[in-house]
Every structure is written in structure tokens, then in C-alpha cells.
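*Asks:* Make a model of the complete structure from these sequences and hints.
Protein chains in written order, with this note's numbering: chain A, 250 to 523; chain B, 3 to 188.
Treat the hints with care, as some may be off.
Calculated lysine to aspartate or glutamate pairs in the DMTMM-like style (CA-CA distance at most 20 Å, straight line) [what the hints assert, rightly or not]:
no.	chain 1	residue 1	chain 2	residue 2
1	B	116	A	319
2	A	483	B	95
3	A	483	B	91
4	A	483	B	90
5	B	116	A	322
Residues of chain B clear of chain A, computed beta-carbon distances all greater than 10 Å [as the list claims (entries may be wrong)]:
no.	residue
6	62
7	64
8	67
9	73
10	96
11	105
12	111
13	122
14	130
15	166
16	178
Since the hints were derived computationally from the structure, they do not count as laboratory data. Keep in mind that this is a model prediction, so the values were computed, not measured. The beta carbon of each residue, even a glycine, is placed where N, CA and C say it ideally should be.
Listed below are the residues making up each chain.
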Amino acid sequence: MTTLTPEDVRREPASQLAAGVGGGLLVIAGQELRDIWLSARGPAIVIGTSLLLSLLTYLAASNEELNIIDQRDTVNLVSQIAMALAVGVSLLFTADCLSGERERETLESMLVTPVPRRQIALGKYMAAVSMWPVLLLVAVPYIWVLREGEGVFADAMLGALVVGTLLVIGFASLGLLVSIFSGSNRLSLAVAFFIFVLLLAPTQLPLGGWFGDAITQINPMTAGSTFLHRVIVKEHGWGEDLDLLIAPAVWAIVVTAAAFIATGRLRLQGSFGR
Amino acid sequence: MISRGGLAVVAMVALVASVGANRQAAAREPMAAGELTVAVSKSQVSAVTGDSFTFTSEIRNAGSEATRQLIANLAFVAIDGGTYVDPEDWSAERTQAVAPIAVGATASQTWTVKTVLQGDVAAYVVVLPAPPALAADSPLAVSPAIQMHVEEHRALNPGGVLPTVLVVPVVVLLVFGGMRVVRRLV
Chain A
250 MTTLTPEDVR REPASQLAAG VGGGLLVIAG QELRDIWLSA RGPAIVIGTS
300 LLLSLLTYLA ASNEELNIID QRDTVNLVSQ IAMALAVGVS LLFTADCLSG
350 ERERETLESM LVTPVPRRQI ALGKYMAAVS MWPVLLLVAV PYIWVLREGE
400 GVFADAMLGA LVVGTLLVIG FASLGLLVSI FSGSNRLSLA VAFFIFVLLL
450 APTQLPLGGW FGDAITQINP MTAGSTFLHR VIVKEHGWGE DLDLLIAPAV
500 WAIVVTAAAF IATGRLRLQG SFGR
Chain B
3 MISRGGLAVV AMVALVASVG ANRQAAAREP MAAGELTVAV SKSQVSAVTG
53 DSFTFTSEIR NAGSEATRQL IANLAFVAID GGTYVDPEDW SAERTQAVAP
103 IAVGATASQT WTVKTVLQGD VAAYVVVLPA PPALAADSPL AVSPAIQMHV
153 EEHRALNPGG VLPTVLVVPV VVLLVFGGMR VVRRLV
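*Replies:* In C-alpha cells form, the structure reads like this:
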């Protein structure tokens, strides 16, 4: 991540940065968006994702033709992988956004700009979550070509949009929260990634019984994944499984609130891992 | 030398054995599945992976009384020793309920098979009585096996997805490449 350059400061005088609600926020967000999308980082991730989805789609279509995987299962698989990639990438971007600046010793110059700390964090956050709509857009042709009937496509797109948005918001906030307090980038990325894997792993486990049901309901990843599976594969109506959206929604609200309360405690030095 | 008590024990064992044998005979007696014959419309199939074919099975009641409700099940087994066979991949509907069949009458079922893996696989239909008549020692009626020889076939464009999986990464690459070129020019 880069910080405000002298060119940016010249472009946006300090009085303008401080003036108006969100003036500094837009400058930070714009700079971060340019940093992601005009450098090699964002495009490389999107191109890599499209290659991965191409491979998966081809394999899924081969298996679907052989009757090994159901057509709705293939749509669900591609939707969930696009969503998991977006969640993972947004998480790692936000986990890097402040601890990375701290480690590269560029945080100090950013903190002395007349931009409130919350706006600095929010600007970086907005740039990180911008990966999600782009990755969802890339997934559209794959889901379209695998669908069989308009209903599957609409269910998959709408389901992925709702669940993915909630999860991306929650996990990007988690990355931000970890990054605020981490003294080193390595620690921040390791902690954020560990929590991500910890919550993602149960989606691959056969969960059963009261304990499995509890995990499915409480863990935002398993709840979101199960919701998509029921809507896309089992053809459930949205109203039937709305309870499965509670965990992702609560996760998004609680972690985002915690992250933005914590941005007020953003310091030059991290609280741990120095 | 057998004592009087010993004789009594031997007599009791013989009595129990004789009662057990009678019970087994009694259990088998009402079971009519042994008098059913099952025929299938194919004996050999050559196919490539991804092919589908249908065949019919015909259950004939050659007994002296009407059958009970029956269950017909399509089963698969690898006969080359190496092919992994997951029956649900080979046929989506492998169980059919068969209504009671009158004496001398027949009942037909249609089955669809999709050859998903290369190798030599046999398919056959098993008929068994529906619960509660099903007993552990009930004889089952089985059809002759259909021998399937499946060769591998790789479709280059499965489900018509090939253009999409090739074009999308290229388009994404062109969009970002174009953005870089435009940025340099501006």
C-alpha cells in the first residue's frame, strides 16, 4: 500500500482535505484504489481468479456432462469459490493496510496529514472491498454458461451478492481490526489468515447433530455457504432459510463496528508483535 | 455310555434343532420371490464415457399366487477389478416400486444408465419383496447381467463452456492491459 504522496497533498491542499465531511476519505480511497487497480496487484488477482474459474468451470462442466456433479452443484461451486476468493483477498488487503504502512515506516507521514484517522482507515477499507464487485462481475459469465434456466442464474447471483457482501464486509473489517493493533505486517497477515481458515474449514466438514447445527448457525462462513447451497442446489425459497443470514449479518455489523471504534486508537506503533 | 440325564439333553437338542428347521421352512414357504423371473432387454453394451442408454427389465410371476409389493433395484459392479463404481453416478434412479403381480403376469421397468467411467462394468436388476415381508433369508430374484464395455471419450467442449473459459481471461487481460496503455498515453 502506498501513502499520500507530495503530489496528492499538492492536489488536495490541507484545508480542503480537512474541510467537508469525507474530503480526506475520498482522497485516501482514491489513492488506495489507484494503488490497487492501476498497479499490478488488483489486475493480477482478477486475471488469476478468471483463470481459476475457467479451469473450475471446465472441470465442472466435464463432470456435469458425465453426470458426476449436478448442474446446480456446479453453479453453487463456482459462486462459492468466487465469494471465498473475494473474502480472502479483501481480508488480506485490509490486514496489510495499516500494519504494512507501519512496517514500511510510511504510517507516520499519513498520520500527520490533516485527515482524521477514521477516514484514513475507511478509505483503505473501501479500496480493499472494491475487489468484491469486480470478482463477482468476473464470475457472471461462468455462472451464466453453467446455469440451466434463468432461475438458477438469478438465485446464484442474488445469493452470492447478498452473502458475499455481508462476508466481505465482516472479514475486511476483521483484517482492519487486526492491522490496527499489529506491530508487524507478518503478524497481522498470519492472524487474519488463521482466523479466515479457522472459519472456512467447517464448510468442508460433514456437520451433523446439535453441535454441527450450532456451528452451521453461528459460523458466518458455514451459515453463508449453507444458505447458498439450499437456495441454489436445494431450490429453497429465500424465506425458508433466512435464519442462516443472521450469522453473516451479525458478523458484518459487530466486526465493522469494532473495527471503526478501534480506528480511533490507531497509533504509530502497534499494540503487539513489535 | 450315556447317562439318563445325557439322553434327556440329546433329546432336547434334537427337538430344538427340528423345531428350528421347521421354522426356517415355514419362513421360506410364503416367500414367492424365488418363483419370479427377471429378464432384461440388453445383454451387452459398448459405449464411451458420457453416453446414456436405456433398457427395460421384465419381472414375470411364474408362481401359483400373486406376489406382494416388490422393489426392483438396479445394481452395478466392476468386472475388470479396477474401475471404481459409484452406482448413483451411473443411474440417478436405481430403485422402483413394483405393484403386486398376478399369477402369470409381468411388470416392466425402464432404466436409464449413464456410462461415466471407462472400464468393464456389469449392471443387473435385483427384485426383493417390500417390507414388512422382507426377511433376512428371503430369496431374491436377479436378472442376467448386462455387460458394459466403456471406452474413454474426452469432449473438447463439455456443455458448451469452452468459448467462455477461453474468452473471459483474455477479455480481463485486455481490459487491464488497455487501462495501462491508456494511462501511459494520457
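*Asks:* Does the claim that residue 64 (chain B) lies off the interface hold, with its Cβ farther than 10 Å from every Cβ of chain A?
*Replies:* 36 Å, holds
*Asks:* Any Cβ of chain A at or closer than 10 Å to residue 130 (chain B), or is the non-interface label fine?
*Replies:* 26 Å, holds
*Asks:* Compare the distance between the alpha carbons of residue 116 (chain B) and residue 319 (chain A) with 20 Å, and conclude whether the hinted pair is satisfied.
*Replies:* Roughly 13 Å between the alpha carbons, so the hint for residue 116 (chain B) and residue 319 (chain A) holds.
*Asks:* At 10 Å, judged by beta carbons, does residue 67 (chain B) keep clear of chain A as stated?
*Replies:* 40 Å, holds
*Asks:* Within a Cα-Cα threshold of 20 Å, do residue 483 (chain A) and residue 90 (chain B) meet the stated pairing?
*Replies:* 18 Å, holds
*Asks:* Residue 483 (chain A) and residue 95 (chain B) were given as a pair; does the straight-line alpha-carbon distance stay at or below 20 Å?
*Replies:* 18 Å, holds
*Asks:* Would the least Cβ to Cβ distance between residue 96 (chain B) and chain A come out above 10 Å?
*Replies:* Non-interface label stands for residue 96 (chain B): nearest chain A Cβ at 13 Å, farther than 10 Å.
*Asks:* Holds or violated: is the Cβ of residue 122 (chain B) farther than 10 Å from all Cβ atoms of chain A?
*Replies:* 17 Å, holds
*Asks:* Holds or violated: is the Cβ of residue 111 (chain B) farther than 10 Å from all Cβ atoms of chain A?
*Replies:* At roughly 20 Å from the nearest Cβ of chain A, residue 111 (chain B) sits farther out than 10 Å, so the non-interface label holds.
*Asks:* Does residue 166 (chain B) clear chain A by more than 10 Å, comparing its Cβ with all Cβ atoms of that chain?
*Replies:* The claim is violated: residue 166 (chain B) sits with its nearest Cβ about 4 Å from chain A, within 10 Å.
*Asks:* Is the Cα-Cα distance between residue 116 (chain B) and residue 322 (chain A) 20 Å or less?
*Replies:* Given that 20 Å is the threshold and the Cα spacing comes to 18 Å, the pair holds.
*Asks:* Residue 105 (chain B) clear of chain A by more than 10 Å, beta carbon to beta carbon?
*Replies:* Since the minimum Cβ distance to chain A is about 39 Å, residue 105 (chain B) lies beyond 10 Å and the statement holds.
Hint compliance for this structure: hints 15 and 16 are broken, all remaining hints hold.
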